[in-house]
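Asker: Sequence:
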Amino acid sequence: MSSERGYLVDPRVTEKVAFALLWVAMVVVMLPMAGIIGYMLYRGASSLNWELISAADGGLYPAIIGTTFLVLLTALVAAPIGVGAAIYLSEYARPGPLVRLVRLAIINLAGVPSVVYGLFGLAAFVILVGWGRSLLAGACTLALLVLPLVISTAEEALRQIPKGLREGSLALGASKWQTIRRVVLPNALPGIITGLILSIARAAGETAPILFTVAYFRLSDPIPNSIFDPIVAMPYQLFVMATEMPEIPDETKWATAFVLVALVLGLNIVATIVRTTLRRRRW
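Count along the sequence shown starting at 1, add 56, and that's the number in our numbering.
Treat the hints with caution; some may be incorrect.
Calculated lysine to any residue pairs in the SDA-like style (CA-CA distance at most 25 Å, straight line) [said to hold, decoys possible]: (1) LYS309 x LYS232; (2) LYS219 x THR235; (3) LYS309 x LEU145; (4) LYS232 x ARG215; (5) LYS232 x SER146; (6) LYS309 x GLY115; (7) LYS309 x TRP106; (8) LYS219 x SER146; (9) LYS309 x ALA101; (10) LYS219 x SER231; (11) LYS219 x PHE273; (12) LYS219 x THR332; (13) LYS219 x LEU97; (14) LYS309 x GLU147; (15) LYS309 x SER146; (16) LYS72 x ILE93; (17) LYS232 x PRO136; (18) LYS309 x THR328; (19) LYS309 x LEU160; (20) LYS232 x ARG258; (21) LYS72 x ILE92.
Listed next, with one range per pair, are the computed distances between beta-carbon atoms [unchecked claim]: (22) ASP306 x ASP113: 19 to 25 Å; (23) ARG156 x ASP113: 53 to 59 Å; (24) ALA230 x PRO67: 33 to 39 Å.
Hints listed in this document are in silico derivations from the structure and should not be mistaken for laboratory results. Beta carbons are placed, not taken as given, at the ideal position from N, Cα and C, and that holds for glycine.
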């Protein structure tokens with residue numbers, strides 16, 4: 057008797073159909089991204105050169121440096137707050153209406169338009185606190201923007217750690233904080249770092265928040281001297297070039313867009329590499 061008797065459809069056919077559908081789904085996801093990147097290269101390849109990237113006068117160097125400073129300071133602000141909140145929600149908070157309300161608020165904050173964060177940053181950090189349009193004001197605004205994602209990914213990473221590891225550590229006499237610091241956090245680190253890098257990649261491409269809090273534009277501009285200086289940021293530079301500077305060749309604008317997309321994709325690739333590397337050390 058055939059082992060396949062009793063099936064309405066041959067399992068091998070079902071597997072092939074499912075595999076084909078997965079390939080179609082992957083192509084549908086990849087084609088738009090490949091098309092966008094390819095079109096940017098097609099339009100901006102003639103202007104994409106090392107001089108455009110490295111020139112301090114009329115090039116992208118100040119914007120690249122400014123964006124790098126901005127995302128690094130954003131990470132320094134968002135990481136301890138986001139991870140700390142995730143540790144509390146995952147390890148200390150008792151399930152109840154208040155915790156559910158906090159998690160609901162985090163989910164809703166993730167869906168707030170970025171321009172709202174920009175207006176809040178303008179009111180809170182630029183005007184009320186008195187920092188003015190500065191690197192610090194922009195970083196704090198972007199930190200608020202990415203905090204929901206940082207908290208959610210960090211909490212999920214902490215929840216993935218088996219309960220038995222916690223119980224074993226506590227049984228050996230470790231305190232709850234020692235268990236979190238020496239057992240839970242090291243094993244959750246890949247997920248936490250991945251979420252943080254992906255959050256920063258999102259912040260690197262935002263225009264609305266930095267429009268109100270930190271960015272300004274000059275083709276020739278020095279690197280900021282302190283966290284209280286404004287910066288030239290790539291998203292805002294591209295916005296100004298595209299809307300207010302018709303004298304700049306379109307090829308240069310498309311080349312700038314490609315560099316910005318490459319920066320964001322690079323951060324995503326780094327997140328993947330870090331996650332893969334650190335997971336090899338787990339358990």
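Asker: Now tell me, hint by hint, if it's right for this structure.
Answerer: Here is what the structure says about each hint:
1. LYS309 x LYS232: violated (54 Å)
2. LYS219 x THR235: Holds, at about 11 Å.
3. LYS309 x LEU145: The hint is violated at about 44 Å.
4. LYS232 x ARG215: holds (15 Å)
5. LYS232 x SER146: holds (13 Å)
6. LYS309 x GLY115: Measuring from Cα to Cα gives roughly 11 Å; hence the hint holds.
7. LYS309 x TRP106: It holds: about 15 Å lies between the C-alpha atoms, which stays within 25 Å.
8. LYS219 x SER146: Distance of about 12 Å is within 25 Å: holds.
9. LYS309 x ALA101: holds (11 Å)
10. LYS219 x SER231: Distance ~15 Å between LYS219 and SER231 Cα, so the pair holds.
11. LYS219 x PHE273: violated (52 Å)
12. LYS219 x THR332: With Cα atoms ~23 Å apart, LYS219 and THR332 stay inside 25 Å; holds.
13. LYS219 x LEU97: violated (49 Å)
14. LYS309 x GLU147: Given that 25 Å is the threshold and the Cα spacing comes to 48 Å, the pair is violated.
15. LYS309 x SER146: At roughly 45 Å apart (the allowed maximum being 25 Å), SER146 and LYS309 break the hint.
16. LYS72 x ILE93: violated (31 Å)
17. LYS232 x PRO136: Between LYS232 and PRO136 the Cα gap is close to 19 Å, so the pair holds against 25 Å.
18. LYS309 x THR328: Given that 25 Å is the threshold and the Cα spacing comes to 29 Å, the pair is violated.
19. LYS309 x LEU160: Roughly 40 Å between the alpha carbons, so the hint for LYS309 and LEU160 is violated.
20. LYS232 x ARG258: It is violated: about 34 Å lies between the C-alpha atoms, which goes past 25 Å.
21. LYS72 x ILE92: Violated, because 31 Å separates the two Cα atoms, which is more than 25 Å.
22. ASP306 x ASP113: 19 to 25 Å: holds (21 Å)
23. ARG156 x ASP113: 53 to 59 Å: holds (55 Å)
24. ALA230 x PRO67: 33 to 39 Å: Hint violated: Cβ distance 49 Å, outside 33 to 39 Å.
In summary, the numbered hints that this structure violates are 1, 3, 11, 13, 14, 15, 16, 18, 19, 20, 21, 24.
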